[in-house]
Amino acid sequence: MIAGEQAIRAAFDAAKAEGRAALMPYMMAGFPDRESGLAVAAAYADAGADLVELGVPYSDPLADGPTIHSADTVALANGATLRTALETCEAIADKLPVVLMIYANMVLAHGGGAEFAKLARAAGAAGAIIPDLPLGEDEGIREAFGAAGLAMVPLVAPTTPPGRRAEICAVAKGFVYVVSTVGTTGERGELPPELADLVAATKADAGETPVAVGFGIGTPAHAAEVGKVADGVIIGSRLVRAADEGGSPAGAAESVAEFLAEARVALAG
Amino acid sequence: MSVIEQRFGPYGGRYVPETLIAALDELTAAWEATREDPEYVARLDGLRRDYVGRPTPLYLAQRLSERVGSRVYLKREDLAHTGAHKINNALGQTLLAQRMGKQRIIAETGAGQHGVATATACALLGLECIVYMGTEDIRRQAPNVERMKLLGAEVAPVDAGARTLKEATSAAIRDWVANVETTHYVIGSAVGPAPYPVLVRDLQRVIGEEAREQALAAEGALPRRVIACVGGGSNAIGIFAPFLDDAAVELIGVEAGGDGIETGRHGASLNAGTTGVLHGSLSAIVADEDGQILEAHSVSAGLDYPGTGPQHAHLRDTGRAAYFPMTDAGALGALGELARLEGIIPALESSHAVAWLLENPLEGEGFDVLCLSGRGDKDLDEYVRRTSEAP
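In the order they appear, the protein sequences are chains A and B. In terms of the numbering used here, the first sequence opens at residue 1244 and continues consecutively. In terms of the numbering used here, the second sequence opens at residue 14 and continues consecutively.
These aren't lab readings, by the way, just hints derived from the structure by calculation. Be aware that a few hints might be false.
[Stated by the list, open to error] Quick list of simulated restraints, FRET-style, between CB atoms: (1) B/114 <-> A/1309: 24 to 34 Å; (2) A/1379 <-> B/53: 41 to 51 Å; (3) B/137 <-> A/1410: 39 to 49 Å; (4) B/397 <-> A/1313: 49 to 59 Å; (5) A/1309 <-> B/38: 20 to 30 Å.
Computed from a predicted structure; not experimentally measured. Where a beta carbon is used, it is the ideal one built from N, C-alpha and C, also for glycine.
Could you put together the complete structure from these sequences and hints?
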């Protein structure tokens, strides 16, 4: 098992030992500004997150809904770059595993799979999610990540045919990211009724590899519901909104910590 | 059954969220099964003839020829129904969508020509139509917005980024991610994830097939050069495709030079861009060193796009086609010149190709074919605004 994957698996195992699903909050690096991003990251590390999904701001985030898309725009306008994300990663990587969420064009712009993986590992990242690099387009990059010890976490969607889902799970490193609903990221009123079946099927395909669910988880109750079937729960847009509402670095940290604490209680429930 | 190319050299591919992969597989299979299906072909051919008005003329532009000193034929896509080549693709894709049982159609538009073409095809076939359009383009292409509404389409304004074609395309893709099971996305240019660059090229190659036949009939020979403007590059790939094996025919694409390459304010991804991913394919794009896609700049909304189709990037690399930038000023001048010389008001997009021709007349024997991809009525306000500004 490669180094990044070991760190990720250890975090899932530790949560499992406590009889609950792992809590993986998402944040946008440099949002709303560099200091707030760093404060949110520190708050995640202190407020009960098991792992962190760290979004790298991008100009054209096709998998993201309005909340995260507009966070990308604000972070970029405030000067964020890959460097900002790597700094943020470095600040918390010794406390918990960090999985970068980065679009394919940025990986290519920073020298491709091998060069990017080197940068990410140097900043302490355990893994990376590339939401616009599906199975079939990813071979060179996945291999390069693996060689550098960076786990490439693939996504499974409700529209993924079963055969393809098995192939994706077979190459997954770290964990498998199940997209809960057909659509982009963003809070939703309720979770789709088919989700439990999708998670169960993915877990059967994934074997020992943990399965985490993201997209649309906006309340502690959602988190608890997903936590009953999945190994991990990813909360994104809701926390990005909380960070925005904080109004200052300290306010953002307080705001996300409050929500995270509730989610953590709900998961343990 | 012919195979659909997933890549052109290194370019192309499917850089999209996993949610769309099944739909792209479905679309690929549907197009493979449909593009040579006699029933589909007969229906499309009939509509091209009776509804679109094809074949469009190949017109020997006498006074323009005198001006440049060699014979120039204009492939008159401006005379196709709705005023541009975009209808060729919109009609073919909506017919395909109908066969696939998709009743909801989405599209993006820049200049509004693709939006109007898609709205038109949807009206014809009785399909629901939503067109994403940047608010800056809604401002500068107001008549086309009214046309789309009149045709029963919903125009969905997009307020992100520079509020132009790039953001409209992203918004359409996000809609498709959310509604992929019921919806077909009619992409308007030879861009996007596979199979779209092939699907759009196949539907636009009628331009080149007609032009090649018409040129042979008129001159008994093939043209020395085939010239077309390139944004995403659908009219260009459509007219180039049937000439690809005619090694002696030079293929020339003219892209948006904006204020000039040196100013950084342009849409010339093939001349001044880099290799990267935009809207689902690897191709020539305009991006910064961090990998952020940059805003394009062009007087023509249809070329105001920081990427281009993957096949064009490959044709550039192999040397089979050559691509040159043309400035806003050149295009504006050419629009006026063609209007006065020929009584034809070209779209600002097509005016880029006309301007390049005016600056690069053919030397020696032979003749040129230039794709006049659309009419310029939509651009009159912008033309007047830009040409009355102090220099």
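Given the hint of 24 to 34 Å, is the C-beta distance from residue 114 of chain B to residue 1309 of chain A inside that range or not?
At 30 Å between Cβs, range holds.
I want to verify a distance hint. Is the separation of the beta carbons of residue 397 of chain B and residue 1313 of chain A within 49 to 59 Å?
Violated, since residue 397 of chain B and residue 1313 of chain A (Cβ atoms, about 35 Å apart) do not stay within the stated range.
Starting from the hint 20 to 30 Å, judge whether the C-beta atoms of residue 1309 of chain A and residue 38 of chain B obey it.
28 Å, holds
Is the gap between the beta carbons of residue 1379 of chain A and residue 53 of chain B within 41 to 51 Å?
28 Å, violated
Whether the CB-CB distance between residue 137 of chain B and residue 1410 of chain A falls inside 39 to 49 Å:
41 Å, holds
This entry does not satisfy hints 2, 4, going by the numbered hints stated previously.
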